[in-house]
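Undergrad: Sequence:
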Amino acid sequence: MNIVYVTLTRKEFQGKSGCLQCILSISHIWSLLMELPNSFLLLNAQRVTRRTCYKIIFSYIFSISFQACMWLMLLIDIYIMILLPIWYMKAKTTVYVILMVLPPTIYGTITMLGGFLYMDDEVILFCNPPIG
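When the count follows our numbering, it moves up by one through the sequence shown with no breaks and lands on 132 for the last residue.
Quick caveat, the hints were computed from the structure, so don't treat them as lab data. Keep in mind that the hints are not guaranteed to be accurate.
[What the hints assert, rightly or not] With beta-carbon atoms standing in for the labels, derived distance ranges: (1) MET89 - ASN2: 21 to 29 Å; (2) LEU42 - ILE82: 27 to 35 Å; (3) PRO85 - ARG10: 19 to 27 Å; (4) LEU74 - LEU32: 16 to 24 Å; (5) GLN14 - ASP121: 22 to 30 Å; (6) ILE78 - ILE29: 39 to 47 Å; (7) VAL6 - MET119: 35 to 43 Å; (8) PRO130 - THR94: 34 to 42 Å; (9) ILE80 - ASN44: 17 to 25 Å; (10) ILE86 - LYS55: 43 to 51 Å; (11) PHE40 - ILE82: 42 to 50 Å; (12) GLU12 - LEU32: 42 to 50 Å; (13) PRO103 - THR9: 26 to 34 Å; (14) PHE40 - LEU8: 41 to 49 Å.
Source: prediction; values computed, not measured. By construction, the Cβ of each residue, glycine as well, lies at the ideal position given by its N, Cα and C atoms.
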């Protein structure tokens, strides 16, 4: 939350890398919040079907898939910053950030939709990503 706050309130942190890190932090906050339904079901020993589970955690699946790809995009950001410094400085921040967030969004969406395709009505012990 500190990264999000600092990025939103301090102009010097609102560059390309700062925006990418802020987006990654927001995604991480979301995935942590989405652990709460899993915890509730686990603590109450409630068994659910895979279909019900996935309907509860599909945004969590998107978020963790998005984050995995976003880490790669942060590394590519550093790579571009080092190898193409003049182009990096001239690139518009908004366009650059959108282009860097596009691959993680596509990957997260494909992963999430893949989960919807493989849902069934089997009763599962825990509602977590590997089992759900």
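Undergrad: Give a verdict on every hint.
TA: Here is how each hint holds up against the structure:
1. A hinted range of 21 to 29 Å holds for the C-beta pair MET89 and ASN2, which are about 27 Å apart.
2. A C-beta distance of roughly 44 Å is found between LEU42 and ILE82, which places it outside the suggested range of 27 to 35 Å.
3. A hinted range of 19 to 27 Å for the beta carbons of PRO85 and ARG10 is consistent with their spacing of about 23 Å.
4. For LEU74 and LEU32, the hinted distance range of 16 to 24 Å is satisfied, since their beta carbons lie about 19 Å from each other.
5. Between GLN14 and ASP121 the CB atoms are about 47 Å apart, so this pair departs from the stated range of 22 to 30 Å.
6. Roughly 23 Å separates the CB atoms of ILE78 and ILE29, a value that falls outside the hinted 39 to 47 Å.
7. Judged by the Cβ atoms, the range 35 to 43 Å given for VAL6 and MET119 holds: they are separated by roughly 40 Å.
8. Distance hint check for PRO130 and THR94: the Cβ-Cβ separation is about 37 Å, which falls inside the suggested range of 34 to 42 Å.
9. Between ILE80 and ASN44 the CB atoms are about 48 Å apart, so this pair departs from the stated range of 17 to 25 Å.
10. For the pair ILE86 and LYS55, the supplied restraint of 43 to 51 Å holds, since their beta-carbon distance comes to about 48 Å.
11. For PHE40 and ILE82, the hinted distance range of 42 to 50 Å is satisfied, since their beta carbons lie about 45 Å from each other.
12. Taking the beta carbon of each, GLU12 and LEU32 are about 27 Å apart, not inside 42 to 50 Å as hinted.
13. Roughly 28 Å separates the CB atoms of PRO103 and THR9, a value that falls within the hinted 26 to 34 Å.
14. For PHE40 paired with LEU8, a C-beta distance near 30 Å fails the hint of 41 to 49 Å.
Against the hints set out earlier in the document, violations occur for numbers 2, 5, 6, 9, 12 and 14.
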